[in-house]
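Line by line, the protein sequences are chains A and B.
full-length UniProt numbering puts the first residue of the first sequence at 1, with every later residue one more than the last.
full-length UniProt numbering puts the first residue of the second sequence at 1, with every later residue one more than the last.
If you're looking for bench data, these hints aren't it; they were derived computationally from the structure.
Check before you lean on any hint, since a few could be wrong.
Claimed, not checked - Residues of chain A clear of chain B, computed beta-carbon distances all greater than 12 Å:
#: 1; residue: G214
#: 2; residue: L240
#: 3; residue: F341
Said to hold, decoys possible - Capping the alpha-carbon separation at 27 Å, the derived lysine-lysine pairs in DSSO-like fashion look like this:
#: 4; chain 1: B; residue 1: K177; chain 2: A; residue 2: K272
#: 5; chain 1: A; residue 1: K272; chain 2: B; residue 2: K71
#: 6; chain 1: B; residue 1: K156; chain 2: A; residue 2: K272
#: 7; chain 1: B; residue 1: K180; chain 2: A; residue 2: K272
For every residue, glycine included, the Cβ atom is placed at its ideal position computed from N, Cα and C.
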Amino acid sequence: MSMTDGPTPMQTVAAEQAAEDREASLKAAGRSDHRQPGKRRFGNLSDRWQALSRQQQWGFLVIVVVLAYLLPLINPPIITTEPGNNFALACFDMARFALIAVGLNVVVGYAGLLDLGYVAFFAVGSYCAAMLTSPDSPYLHIPYLWTLPVAMAVTMFFGVMLGVPTLRLRGDYLAIVTLGFGEIVRILATIIPAMKGQVGFQNVGHPPGTAVDGTPIFSNSNGVPWYWLTLTIIIIVTLLVGNLERSRVGRAWIAIREDEDAAEIMGVPTFKYKVWAFAIGAAIGGLSGALFAGQVGFVNNQKFDVTTSILFLAAVVLGGAGNKVGAILGGALVSYIPLRFTAIAEYKYLIFGVALVLIMIFRSQGLLPARQRLLAYGRTAMNQITSRNGKEPTDKDNPSAGPGARAVRQKGAEA
Amino acid sequence: MTLLELDGVSVHYGRIQALRDISFTVNEGEVVALIGANGAGKTTTMRTISGLLNCSEGKITFAGQDITKMKAHIRVVHGISQAPEGRGIFPGMTVMENLDMGTFGRKDRSGVAKDLERVFDLFPRLKEREKQYGGTMSGGEQQMLAIGRALMSNPKLLLLDEPSMGLAPQFIRQIFKIIKEINNQGTTVLMVEQNANQALAGAHRAFVLETGEITHSGTGKQLLEDPSIKEAYLGVG
Ligand SMILES: Nc1ncnc2c1ncn2[C@@H]1O[C@H](COP(=O)(O)OP(=O)(O)OP(=O)(O)O)[C@@H](O)[C@H]1O
Ligand SMILES: [Mg+2]
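Chain A with its partners taken away, still in its complex shape (with noise of 0.2 Å):
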C-alpha cells in the first residue's frame, strides 16, 4: 500500500484478523458487555413497535392503559389469582413492585450501578409515612398524602448520604457497601426505640374520601383505589424517567454503565451523574415503600429484609435491566407469580433463581432487551450533519444522510 494513497484504511483481510484476534483477547479481559437488542421472539416485538406510526403507538397505549385501570374490575379468570389471594390487592402488590422496579432500574439499568440494598429506601418510605400518620407515633403529623413527596425527599436525602462516600467505589466494592446499608437500616429500625422494632406502627394513613356508606374509600381491604394510584404513579414516574432516559442525563448514565472512564473523559461527570442516579432511584423507592405503608396500614421492621432487596434486583434483571418497560413487566411477574401459584408460593426464591439462571442462559438482556435511542437529545445537531453532508457529492451513495435520516437511523438502532 502507497503512502500517497488517501486515507481508506482497513484494507486486507489480514488486517481485519489481526486486529480481530486482538479485539478477542482484549474482551477475553472482560470489559465489553454488548448490548445489543435481543433477535429473537420480543426482540421481534420491539422491530415491530417501532415499524407503527406514531398514531398506533398512542392509539396502542392508550387500550393497555386503559386495560391496565380495568384489570382489577375486570378480574379476569385464570389470569385471576383468587381465591388464594383478593385480585385487587394483588394487582396493588405488582404495581407496587413495578414502580420499585422502575426506580431500582434507574440504578442498575441506565446507570450500571449494582445496588443490593434497594430495600433500605423502601423501608425509609415506609416509616417516613409511618411516623407521620400512624397514632403511634409522638412526632408530627401531616396528611398521607404529604408523606408521598416526604418520603421521596428524604430517602433521596438517605440516597445521597450513601452514595457520596460510596460511589467513588466501584463494582463489587459498591455491591458489598449496599448490601451493608440495607442491613442497617433494618437494624436500626430494631434498636432504635422512635422506630418500635417489631411492635411497629399501625393504622397509618392513607388519602382522603370516604365511600357513600361510610368507611374510608381507600381501606387497607380494597386494593381498587390504591391500585389506581399506584399505577397513576407509575404512569408519572415512567414518562419522568422515559424523559431523562432521552436527555443528556440518560446518555451519561448509559456512557457510564457502559465504560465509566471512557465516559469520564468524554467530558461526563461521573460522579455527579452516579449520585443522580442513586438518588433519583431512591426517591421512587422511597415513594412505593410510602404507598405500601398506606395500604397495609401497618409498618414494623419484618419486611425490609436482603432478600426482599435481591428481589427486587431479580425482578429489573427479569424484565430487561435497562428497559423500563421491561423492569415494569418483570416487577409485576415477579409479585404475581407467587401470589396466583399459592401452592409454589413458598419456593419463589427457589424458582425467581432457577428462572434468573435460565434468562442468563438464553436471554441475558432480560425479557425486554435495553435499547435507548441514546441520540435523542443530539439528534437534532446529528440531523443537521447528516443532511448536511448529504448536500455533498461524496455522500450521494449513501442512503443514511439527507432527510431520511432519522428515520433510517431509528430504524438501526433497533435492529
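Dock chain B with the ligands against chain A, hints included.
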C-alpha cells in the same frame, strides 16, 4: 509555545510508585512520542494527563493554567482529549452515538457539524459504519472510532495511547499518516507507542520512559540514531 508541561510528576498506585519525578513539555503544534517497554508507565502518564489518575507530587500545566487538581471531565472542556489504551469505545452504542458522546463536554454545539465532517474525512470507514455497534467493529475500526470520538471534542491536545496496538503493518502506516494529518490540521498530539520506529519517524520530539523515569529525550531523529535506543527499542543492535 508550551501547551502542556509536566513538572516533577510522581504517581502512585497505592504504595507502588509508577512514575518518578517526570518532567517534560509538549509545545503547540507538535507531535510528541512517548516510548518505553511494557510496564514503563506510559499509560499511567497518559491517564495522569487526562485526569483519570491523580499525581502524588508535581504539577501539570496546560495552556498556561495549573490543572493538577482539575477533574478529568473538566480537562476535556479545556481541550485535552484522550483515545484510551485498548480503545475504550462504548460497545453498546452505535458509531454515531459514540461520536456523539465525544461532544458531551462541548459548549459550542455549532462546531459539532464541522468536526464530524473532519472525522468522516479522516476515517471514511466510520461514515460507512455509522449505525454499527461499536462492540461489533473490528479492532482497527474501533481504533478509528476511538480517535474519531476523541476528536469530536475539538481538542487542543490529543492523547493517543498505543494507536497502532494490534494492527496489521499496512494499517499501522495508515494510522501514522492519519495522525500526521490530524496534526497538520492544527491539533497537538502526544502519543504512546510500542512501534518505536514509526513513532520516532513521525514525531517532532520524543521521550523514552523506563520504569517510571524519563531516560532519554530529543527529536525523533536524534533518538532514532541513538545507539542505546536502537538496541533497546528499535530491534537493531
Ligand atoms: N491499577 C494499577 N494498580 C497497580 N499497579 C498498576 C496499575 N496500573 C498500572 N500499574 C503498574 O504501573 C506500572 C506502569 O503501568 P502502565 O500501564 O503505565 O505501563 P505501560 O508503559 O503503559 O505498559 P504497556 O506498554 O504494557 O501498556 C506497571 O508496573 C503496572 O504494573
Ligand atoms: Mg500502556
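* Asked: Given the hinted pair K177/B and K272/A, is their alpha-carbon gap at most 27 Å?
  -> Judged against 27 Å, a Cα distance of about 39 Å means the pair is violated.
* Is the straight-line distance between the alpha-carbon of K180/B and that of K272/A 27 Å or less? -> Cα-Cα ~37 Å, so violated.
* Asked: Is the nearest CB of chain B more than 12 Å from the CB of G214/A?
  -> holds, 56 Å
* Is the hinted pair K156/B and K272/A satisfied, with a Cα-Cα distance of at most 27 Å? -> holds, 26 Å
* Asked: Just checking, L240/A versus chain B, shortest CB gap more than 12 Å?
  -> holds, 22 Å
* Run the C-beta distances from F341/A to all of chain B and say if the shortest one exceeds 12 Å. => holds, 35 Å
* Is the hinted pair K272/A and K71/B satisfied, with a Cα-Cα distance of at most 27 Å? -> Holds, because 12 Å separates the two Cα atoms, which is no more than 27 Å.
When each numbered hint is compared with the structure, violations occur for hints 4, 7.
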